[in-house]
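Colleague: Next come the chains, spelled out residue by residue.
Protein chains: 2
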Amino acid sequence: MIKELTVNLGERSYPIYIGEGLLSEIGAYFEKHGIGKGSPLLIVTDTHVGPKYLKEVAGRLESAGYKVAAHTVDSGEKSKSLAVLEDVVATALEAGLDRKSTVIALGGGVVGDLAGFVAASYMRGIRFVQVPTTILAHDSSVGGKVAVNHPLAKNIIGAFHQPEMVFYDTQTLQSLPDREVRAGLSEMIKHGLIWDAEFTAWCEENAGKLVGLDSEALQHGLYMGCSVKAAVVSKDERENDLRAILNLGHTLGHALEAVAGYGELLHGEAIAIGMVAAAKLAVKLGYPEHIDTVTERIFRKFGLPVRIPAHLDTHEIMRAMMHDKKFNEGKMVYIIPTDIGKVVIDKNVSAESVKQIVNRMKQED
Amino acid sequence: MIKELTVNLGERSYPIYIGEGLLSEIGAYFEKHGIGKGSPLLIVTDTHVGPKYLKEVAGRLESAGYKVAAHTVDSGEKSKSLAVLEDVVATALEAGLDRKSTVIALGGGVVGDLAGFVAASYMRGIRFVQVPTTILAHDSSVGGKVAVNHPLAKNIIGAFHQPEMVFYDTQTLQSLPDREVRAGLSEMIKHGLIWDAEFTAWCEENAGKLVGLDSEALQHGLYMGCSVKAAVVSKDERENDLRAILNLGHTLGHALEAVAGYGELLHGEAIAIGMVAAAKLAVKLGYPEHIDTVTERIFRKFGLPVRIPAHLDTHEIMRAMMHDKKFNEGKMVYIIPTDIGKVVIDKNVSAESVKQIVNRMKQED
Ligand SMILES: NC(=O)c1ccc[n+]([C@@H]2O[C@H](COP(=O)([O-])OP(=O)(O)OC[C@H]3O[C@@H](n4cnc5c(N)ncnc54)[C@H](O)[C@@H]3O)[C@@H](O)[C@H]2O)c1
Ligand SMILES: NC(=O)c1ccc[n+]([C@@H]2O[C@H](COP(=O)([O-])OP(=O)(O)OC[C@H]3O[C@@H](n4cnc5c(N)ncnc54)[C@H](O)[C@@H]3O)[C@@H](O)[C@H]2O)c1
Ligand SMILES: [Zn+2]
Ligand SMILES: [Zn+2]
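Line order of the protein sequences matches chains A and B. Numbering of the first sequence is given in this note's numbering, commencing with residue 1 and proceeding in unit increments. Numbering of the second sequence is given in this note's numbering, commencing with residue 1 and proceeding in unit increments.
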């Protein structure tokens, strides 16, 4: 069974298809979406994903009558760079991509962000289809944020460029390393925590199935996760206000990633710690005790970290957060849960109380 | 006296101010446009323009209470690259530019296109003000096309990003080299030829004043040139159809630039030849003889080239045009004047007749 949902963004609205074995039908979906055969397609993928799925995707599209070119980048965050963008554009030019062409991101968030920015900027914008192959990419493929990194800052050069469609074959997740699975589920849980208590409870009950990549559970979880993100983005496409709630756990999460050195903590792991911290901060601010208990319990069930690695320096963590520009005279903007499934954007959290939580989370077991 | 016109693009509408000595008031204009003082500004300029005008612009803005950073790139087309973009973004990061900051392009089309793409992509898009210092930039500063080049293709990586305002101080044009003046006027004449017979006649009558940088003539010419471009762009922001008429003379012009090697012919010179060729093609297609006579006479008056340098190879020129992708089985899309001030987009021009014109234009005196 194929699940379908729509990201409502006026004339930029687009569908997300989620299903097991969906890739075999990609040609028909492209036709259905009016993607013409007169202009070549470009698939962008990485060195982990390409060897597994490129042949099938390219083959299916070719069988449907499309001309297909491909570009494979090294797997990993380093590929989100302007230099790699220039390489991909070279392939696009050599393959003759024109304004009616479509770029396909076959991979996780790295490939999605990179290929998305290629599509956003090639000839000032051509079409773009996401074929996510990680769980985390249920997050990155909704909302149209695309970007590459600068040596001095992550995701700083980019665009808002909505895809034509997102084409999610849960089968591809079977080859994802276990640690990437758990890290990706962290963002799924986040979508529950900010928006939907019932879905949060469902995640907790189905932790085993999700981590074990049970097909039905995955499809439901991805569908719900995408739905929450789509609902938020529909109300605030360009991150003027509401969209910030998607950053639950991210202020601390980003700081931990930066201080630990990218690699030690996966993004999903870092934000799991960040979400636990936000819950503790909430309780400190007077919100109900169970926010903390439940949040921590869920992440433990998924085998995700809930403590700050003891060797990370508190001072450096705080400094990294201040670098994040959310500080203002000792006050910071923080996404605070007020209950399970509900958050507020609190612009008045004192850096001091954040620091206390950071210290506590390094000491507790 | 300050002339003002509006580029009508719905919520992306913006004003163009044209006046002599306008720079001295830039601070007040920024305030009037609601550009806040809490976030730093970044001026991007080049090695020819910076030494002349950066101090004044930065100084005026600082006096008005703005925090100002600056980045100077080498003058010339080479600066429209991803590598230079990365450098400019480094400066932006070091200066602490945030989502409320504004990028200012102080220079000609090169700086405008580069700084515009920085503004379009920095944090996925921040504000942008154009301060054009060339005549050609009356063209490039209207319409929101911004881009950098790829080693394999010009302007291929970019965006549509409309400025907040265009701030044109005709005083700055006094330092422009004579050859750049004439080349810039070529695009002004183009705006007459595609849209307005009366303005075309005015250009011809005022050739001497324009080339001599007479302030009043310049202001009127720039105002009219910008108005035509604004009218076209308002009807077709994303170049779906009408906007293509702005390419009068450009198919051949780009080919000549490429074959001659960038540098021998300035862009404005190359398209002057291209517009004369289009006029000759028009006559060949049965449109009135005077189109050719008048077009050629005007460009001669401005001291712009009206013949193809004899050493350029016809075959290479034709190949460069085919590379421009406008060919289709021996047919090409060509902007053809049907009278002075009127053009059509003809999708059915035979490559053979273009070739005949090219050959003729190499032989005539
Ligand atoms: N645009 C957004 O809104 C948004 C949101 C969240 C994250 N992101 C970005 O997403 C990126 C992280 O995404 P990610 O976690 O998917 O990273 P990723 O794309 O690097 O994938 C993680 C790893 O799994 C491998 N992989 C992917 N699919 C696989 C499969 N099916 N089988 C085997 N291996 C596979 C990859 O090669 C990589 O080694 C970051 O760059 C982050 O900035 C963007
Ligand atoms: N975005 C668009 O819609 C659009 C339209 C047309 C052209 N363009 C682009 O514009 C560029 C050409 O623009 P341009 O002709 O202004 O080139 P430019 O910016 O290179 O300026 C021409 C030369 O004049 C110098 N200069 C500029 N202002 C000066 C001044 N006031 N005094 C002395 N020297 C000065 C520059 O340093 C340079 O050497 C090309 O890259 C072209 O692709 C863009
Ligand atoms: Zn995240
Ligand atoms: Zn031009």
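It should be emphasised that the hints constitute simulated quantities derived from the structure, not laboratory data. One should not assume that every hint holds.
Copies of the same chain look alike in the list, so a pair counts if it works inside one copy or between any two.
As the list claims (entries may be wrong) - Only pairs whose alpha carbons sit at most 27 angstroms apart, straight line, appear in this in silico DSS-like list of lysine-lysine:
1. K154 <-> K284
2. K52 <-> K67
3. K78 <-> K284
4. K100 <-> K331
5. K235 <-> K78
6. K301 <-> K362
Just so we're clear, the structure is a prediction, and the values are computed from it rather than from any experiment.
Colleague: Now, for every hint given, state plainly whether the structure supports it.
Modeller: Hints versus structure:
| no. | hint | in the structure |
| --- | --- | --- |
| 1 | K154 <-> K284 | neither (31 angstroms within a copy, 57 angstroms between copies) |
| 2 | K52 <-> K67 | within (20 angstroms within a copy, 52 angstroms between copies) |
| 3 | K78 <-> K284 | neither (38 angstroms within a copy, 56 angstroms between copies) |
| 4 | K100 <-> K331 | between (48 angstroms within a copy, 19 angstroms between copies) |
| 5 | K235 <-> K78 | neither (32 angstroms within a copy, 41 angstroms between copies) |
| 6 | K301 <-> K362 | within (20 angstroms within a copy, 78 angstroms between copies) |
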